[in-house]
Amino acid sequence: MAASRSIIISGAGIAGLTAALALSKRGYRIEIHERAERIETAGAGIQLSPNALRVFDKLNVLDAVKRVAMSPDGVRILSAGSARQIRTVPLGASAIERHGIGYLTIHRSELSQALLSACNEDPDITLHTASAVSDAVNHPNGISAMVTSATRVNTHRGAMMIFADGIHSAGRAEAFAMPGAVHSGFEAWRGMIPADALPPGFDLENTQLIWGRGAHAVLYPVRKGRYLNAVICIRSRDRSLRLPRKGDFGELLDSLRRWHPSLRQLFELVREWPVWPLLEMPQKGPWHHGRMALIGDAAHGMLPFAAQGAAMGIEDAEVLAAMVERHGTSEAALAAWEALRRKRVRKVVALARQNGRIYHMGWPFSMARNLVLAISSPRNLAERQAWIYDWKP
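In our numbering, the protein residues as written are 74 to 466.
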């Protein structure tokens, strides 16, 4: 592989696989190194808004994603204490009419598989599993990456190095020598409920967003409606945790003691509750250095309260590829990419934090919040994130 046309990517998550497809489309040969032996199949659901779907459409993978995704009619916002609906925000056909493209929910493993299949079919993309980029350095003609496998450490050369290695990014720590993620003070309890175990008449046509004091939940169908994805975000009791742990349902129930009994009974249907600490990346520090870049969570891991973490990584990948197409595999390309991305990502990070404050309000502020929401038109509510959804690659 000619180093001048080769780009090395660390991490085969959503951002890394999207970057591989976007750069290959521009005529580059891509070498992906993934630390795990198998591509991620764990995790839970992901919401894909119009801005992310436009990238997939441009990369010719949207149809494959749609085949395994769901398209909710809207978002029903409920009060945790009463389980009553406060307001519905339209999606589905309304999103297509407003944004020209839909809004999907999908299981992470199915999205990964759709992207992986597209990469495997591309002769210019090579994927190495059980292979980790432990460090990388710039040199005048490109980069050198130290790649560690089970039996050896090799040096790989390329024109550019992209670290898409997630919230626990080794590239950020080693190649960029920058501090890693910090605990946000929140944790996410994630589980799945088989659809056939749900109460009769349970709404699988809409995403449900449940607001409670100090906690909120998001519910939506995945795996073509065979499962309900459940995520409950609460204040963390142990901010020292950095990795997922097995949750004790009794602990969760204690945090939801003010919630309506029907909601607590619904959550009893979850068989296992992995608990994920919600980490954020510090906003200071560069996202590129020479011909090396950090994208996705490795650059700007954020709270999931705007449902934009994956989408921002997908956008990163496409914009970076567009700048490489314009400027070549140069530091100028990465500088242009970072300049284009910084302001937008900063606004999304701020929105996610603001949403957390709104979702978790206690009385009497929650009463005022609910009143404002109830008298707001669905169209005005949908427009609140239009500046995110209207983005085009």
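Wrong hints could be hidden among the right ones.
[To be verified] Capping the alpha-carbon separation at 27 Å, the derived lysine-lysine pairs in DSS-like fashion look like this: (1) K319 with K357; (2) K357 with K420; (3) K297 with K357; (4) K131 with K297; (5) K420 with K131.
Because the hints were derived from the structure by calculation, they are not lab data.
Hint check results:
Taking the CA atoms of K319 and K357, the gap is about 32 Å. The hint is violated against a cut of 27 Å. For the suggested pair K357 and K420, the alpha carbons sit about 14 Å apart, so the restraint of at most 27 Å is met. A hinted pair counts as satisfied when its Cα atoms are at most 27 Å apart, and K297 with K357 does not qualify at roughly 40 Å. The suggested pairing of K131 with K297 holds, with an alpha-carbon distance near 24 Å, which does not exceed 27 Å.
Between K420 and K131 the alpha-carbon distance is near 25 Å, which keeps this suggested pair within the 27 Å criterion.
Hints 1 and 3, counting from the list given before, are not met by this structure.
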